[in-house]
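Novice: Here is how the chains run, residue by residue.
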Amino acid sequence: MPDPAPSDAELIEAWRRGDEAAAAELVRRHARAVARYLSASGAGDEVEDLVQETFYRAFRKIDGFRGGARFRTWVMAIGSNALKDLRRRYRRRPVVALEDREIPDSTDPYAEAVTHELAQRLQAEIAELPRMQRDVFLLRAQQGLEYEEIATTLGTTVGAARVHYHHAVQRLKRVAES
Amino acid sequence: MDEHQIERVAKALGARAADRLDVDRLAAGVVARLRADRATVRRPARVWWSSPAMLRLAAAVAVLVTGGVLVREALENGSEPAAVMIAPILRDLSADELMEVFDSLGVEAPVHEGVAIGLESLNEAQLNELLRLLEG
Numbered sequence: 001m002p003d004p005a006p007s008d009a010e011l012i013e014a015w016r017r018g019d020e021a022a023a024a025e026l027v028r029r030h031a032r033a034v035a036r037y038l039s040a041s042g043a044g045d046e047v048e049d050l051v052q053e054t055f056y057r058a059f060r061k062i063d064g065f066r067g068g069a070r071f072r073t074w075v076m077a078i079g080s081n082a083l084k085d086l087r088r089r090y091r092r093r094p095v096v097a098l099e100d101r102e103i104p105d106s107t108d109p110y111a112e113a114v115t116h117e118l119a120q121r122l123q124a125e126i127a128e129l130p131r132m133q134r135d136v137f138l139l140r141a142q143q144g145l146e147y148e149e150i151a152t153t154l155g156t157t158v159g160a161a162r163v164h165y166h167h168a169v170q171r172l173k174r175v176a177e178s
Numbered sequence: 001m002d003e004h005q006i007e008r009v010a011k012a013l014g015a016r017a018a019d020r021l022d023v024d025r026l027a028a029g030v031v032a033r034l035r036a037d038r039a040t041v042r043r044p045a046r047v048w049w050s051s052p053a054m055l056r057l058a059a060a061v062a063v064l065v066t067g068g069v070l071v072r073e074a075l076e077n078g079s080e081p082a083a084v085m086i087a088p089i090l091r092d093l094s095a096d097e098l099m100e101v102f103d104s105l106g107v108e109a110p111v112h113e114g115v116a117i118g119l120e121s122l123n124e125a126q127l128n129e130l131l132r133l134l135e136g
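Sequence order for the protein chains is A and B.
Under the working numbering, think of the first position of the first sequence as 1, with each following residue one higher.
Under the working numbering, think of the first position of the second sequence as 1, with each following residue one higher.
These are calculated hints, taken from the structure and not from any lab test.
Yeah, the Cβ is synthetic: ideal placement off N, Cα and C, and Gly gets one too.
A portion of the hints provided could be inaccurate.
[Claimed, not checked] With a straight-line cut-off of 30 Å between C-alpha atoms, the simulated DSS-like cross-links for lysine-lysine are:
#1 A:K61 <-> A:K84
#2 A:K61 <-> B:K11
#3 A:K173 <-> A:K61
#4 B:K11 <-> A:K84
#5 B:K11 <-> A:K173
[Stated by the list, open to error] Sample of chain B residues at the chain A side, in silico, Cβ under 8 Å:
#6 M1
#7 E3
#8 V9
#9 K11
#10 L13
#11 V23
#12 D24
#13 L26
#14 A27
#15 V30
#16 L34
#17 R35
#18 A36
#19 A39
#20 A125
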């Protein structure tokens, strides 16, 4: 019987001992999820560079990972910081252009058009949300995390996270219905 | 539109961008950057003179001292100062050729973070200025 795949915790420990293969495996394991998160946050065409920067930062400060949240969630929070830094550096509004290929396939042209248009508006609005609202909303709605983990990762309380989520949803609803 | 519909749209966002990601290439890139970092950290700690500004100053001082020795020797021997004689010739040399001349004087360019910083970091005008100083 083959050995089970090492857990994230085991890979993290291996990286702390200098095992580069362990770091590479963690990237391969979580990069797509981080890319989805950052893309939805408004990373646009720079998502790949941003994902690399995110993991680079994460491994450099791996000693700051205490295990209160999952590694993937912790990395996403670092990615949010990296995105903020990128926006500050370029002093521009977030890139929120949504390409056709980002839209889920549909056999109904009308439904597809509606979905496309709605998704564009929502993504643009998500990128414009206050950062905490955006992070909470995406970690909850897109990544399916519990409020406890979101609060731990973002350094806030469960109650505050719920409030941020509520405000984000209300704002997105208004955009969707406008 | 209700909350669930918004969540459904949110879940779909970024999916194609994630699919396009070359995770192997990405992992290799991250590891390469980390490896470069570790190589830097493993280098012996630098002392105060390792800053680029101090290295430039040290290089300039070394060249001036060398030039001073040449001039003194020339004066003691009753001949024209060596720097006076060679400076007009050296002024017409390219930066690379000037570097070779400085190397021949035995002035070693210091190294900072794996990149030579010192005489090499001086441009042609700066090198010529040093020669002018040598000329006295």
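Novice: So, for every hint listed, does it hold in this structure?
Specialist: Status of each hint after checking the structure:
Of the supplied pair hints, the one linking K61 of chain A and K84 of chain A holds, its CA atoms being roughly 18 Å apart against a limit of 30 Å. As the CA atoms of K61 of chain A and K11 of chain B are separated by approximately 29 Å, the hinted pair is consistent with the 30 Å bound. For a cut-off of 30 Å, the pair hint linking K173 of chain A to K61 of chain A is broken: about 38 Å separates their Cα positions. Restraint check: the Cα-Cα separation between K11 of chain B and K84 of chain A comes to about 22 Å, which is no more than 30 Å; the hinted pair holds.
A distance of roughly 16 Å separates the Cα atoms of K11 of chain B and K173 of chain A; the hinted pair therefore holds under the 30 Å criterion. Annotation: M1 of chain B was flagged as interfacial toward chain A, and the flag holds, the nearest CB pair being 4 Å apart, inside 8 Å. The interface hint given for E3 of chain B holds, since its Cβ lies 5 Å from the closest Cβ of chain A, which is under the 8 Å cut-off. For V9 of chain B, the shortest C-beta to C-beta distance to chain A is roughly 5 Å, which falls under 8 Å, so the interface hint holds.
Residue-level restraint check for K11 of chain B holds (minimum Cβ-Cβ distance to chain A is 5 Å; threshold 8 Å). Nearest Cβ of chain A to the Cβ of L13 of chain B: about 4 Å, under the 8 Å cut. The hint holds. Proximity of V23 of chain B to chain A holds as hinted, the smallest CB-CB distance being about 5 Å (cut-off 8 Å). Evaluation of the D24 of chain B hint against chain A yields a held restraint, the C-beta minimum of about 7 Å falling below 8 Å.
Below 8 Å, beta-carbon pairs count as interface contacts, and L26 of chain B has one with chain A at about 5 Å; its hint therefore holds. Of the supplied interface hints, the one on A27 of chain B holds, with its beta-carbon coming within about 4 Å of a beta-carbon of chain A, less than 8 Å. For V30 of chain B, the interface hint holds, since its Cβ comes within 8 Å of a Cβ in chain A; the closest pair sits about 5 Å apart. A cut of 8 Å between beta carbons decides the hint on L34 of chain B: the least distance to chain A is about 6 Å, and the hint holds.
Checking R35 of chain B against chain A by beta carbon gives a least distance of about 7 Å; that is within 8 Å, so the hint holds. For A36 of chain B, the shortest C-beta to C-beta distance to chain A is roughly 10 Å, which exceeds 8 Å, and the interface hint is violated. For A39 of chain B, the suggested interface contact is broken, since its CB lies about 12 Å from the closest CB of chain A, more than 8 Å. Checking A125 of chain B against chain A by beta carbon gives a least distance of about 33 Å; that is not within 8 Å, so the hint is violated.
Hint check: violations occur at hints 3, 18, 19, 20; the rest are consistent with the structure.
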